[in-house]
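Sequences and hints are given; from them, build the entire structure.
Spelled out, the chains give:
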Amino acid sequence: DAKTTQPPSMDCAEGRAANLPCNHSTISGNEYVYWYRQIHSQGPQYIIHGLKNNETNEMASLIITEDRKSSTLILPHATLRDTAVYYCIVRVASNFGNEKLTFGTGTRLTIIP
Amino acid sequence: EPEVTQTPSHQVTQMGQEVILRCVPISNHLYFYWYRQILGQKVEFLVSFYNNEISEKSEIFDDQFSVERPDGSNFTLKIRSTKLEDSAMYFCASNGEPETQYFGPGTRLLVL
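The listed protein sequences correspond, in order, to chains A and B. Residue numbers for the first sequence follow this note's numbering, beginning at 1 and rising by one. Residue numbers for the second sequence follow this note's numbering, beginning at 114 and rising by one.
Heads up, some of the hints might be wrong.
Just a sample of chain B residues kept apart from chain A, beta carbon distances all over 10 Å, derived [stated by the list, open to error]:
| no. | residue |
| --- | --- |
| 1 | SER161 |
| 2 | PHE178 |
| 3 | PRO183 |
| 4 | ASP184 |
Taking beta-carbon pairs under 10 Å as the criterion, some of the chain B residues facing chain A (in silico) [to be verified]:
| no. | residue |
| --- | --- |
| 5 | GLN119 |
| 6 | PRO121 |
| 7 | TYR144 |
| 8 | PHE145 |
| 9 | PHE158 |
| 10 | LYS196 |
| 11 | CYS205 |
| 12 | GLU212 |
| 13 | PHE216 |
Hints were generated in silico from the structure; no laboratory data involved. Just so it is clear, CB atoms sit at the ideal spot from N, CA and C, and this is done for glycine as well.
Right under this line is the structure:
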């Protein structure tokens, strides 16, 4: 799996949009970008994933650059409960459906009241 | 909404003892995983399991570890003879199709 680079920490004011960047310059054509978060020591929580196109769900939006070498996770209206470590993970789309996730150190996002 | 569950939430054991960590994956999922996270460190992959056999295992998953799907719902991780360095949070995950993995809340294992 390709490696990702994320800033170690970020702050965001409550109610504002949180924009979390991720670089994955060695991503291959068959690799997805996944975002998970981990609140304190809870289990990683799936947020969103994409291949080429921008994606949006009830939690967040994912913007992937045209060359796919970087992406941004957007939490549109951050709340205190969004304080967590956010992981950007590149994972191959396997025909067998059982590819492991390789976690990095992520970005520690702190929402400021 | 379906979710992965794990029991127990906390386990304290003596070094050398056997422990079994239990997971109930999401019911229609076919692929199962164990990960662990030592305090302050990254989440690390241990093993993946499909069709009643191990698909992939990491270097951490040595002969002291085993996994089993004893029935149609449970997925277990056994550590035969625990060491101090096995103290960690252990997370179970599962996915069906598509491939998004969903994680359980974890079991905090403390080896004394």
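Here is how each hint holds up against the structure:
For SER161/B, the shortest C-beta to C-beta distance to chain A comes to about 5 Å, within the 10 Å cut-off, and the non-interface label is violated. Here PHE178/B stays apart from chain A, with its beta-carbon at least about 15 Å from theirs, past the 10 Å limit. Non-interface status of PRO183/B relative to chain A is upheld: no Cβ of that chain comes within 10 Å, the nearest being about 20 Å off. No Cβ of chain A comes within 10 Å of the Cβ of ASP184/B; the nearest lies about 20 Å off, and the non-interface call holds.
For GLN119/B, the interface hint holds, the least distance from its beta-carbon to any beta-carbon of chain A being 8 Å, beneath 10 Å. About 15 Å separates the beta-carbon of PRO121/B from the nearest beta-carbon of chain A, more than 10 Å, and the hint is not met. A distance limit of 10 Å between C-beta atoms decides the matter here; for TYR144/B the minimum to chain A is near 4 Å, and the interface restraint holds. About 8 Å separates the beta-carbon of PHE145/B from the nearest beta-carbon of chain A, less than 10 Å, and the hint is met.
Taken as an interface hint, PHE158/B checks out: its beta carbon lies about 4 Å from the nearest beta carbon of chain A, inside 10 Å. Here the hint on LYS196/B is broken, as its CB sits about 21 Å from the closest CB of chain A, past 10 Å. Given hint, CYS205/B at the interface with chain A, holds; its Cβ is 8 Å from that chain's nearest Cβ, closer than 10 Å. At its closest, the beta carbon of GLU212/B sits 5 Å from a beta carbon of chain A; the interface hint therefore holds under the 10 Å criterion.
Annotation: PHE216/B was flagged as interfacial toward chain A, and the flag holds, the nearest CB pair being 4 Å apart, inside 10 Å.
Hint violations for this structure: numbers 1, 6 and 10, all remaining hints satisfied.
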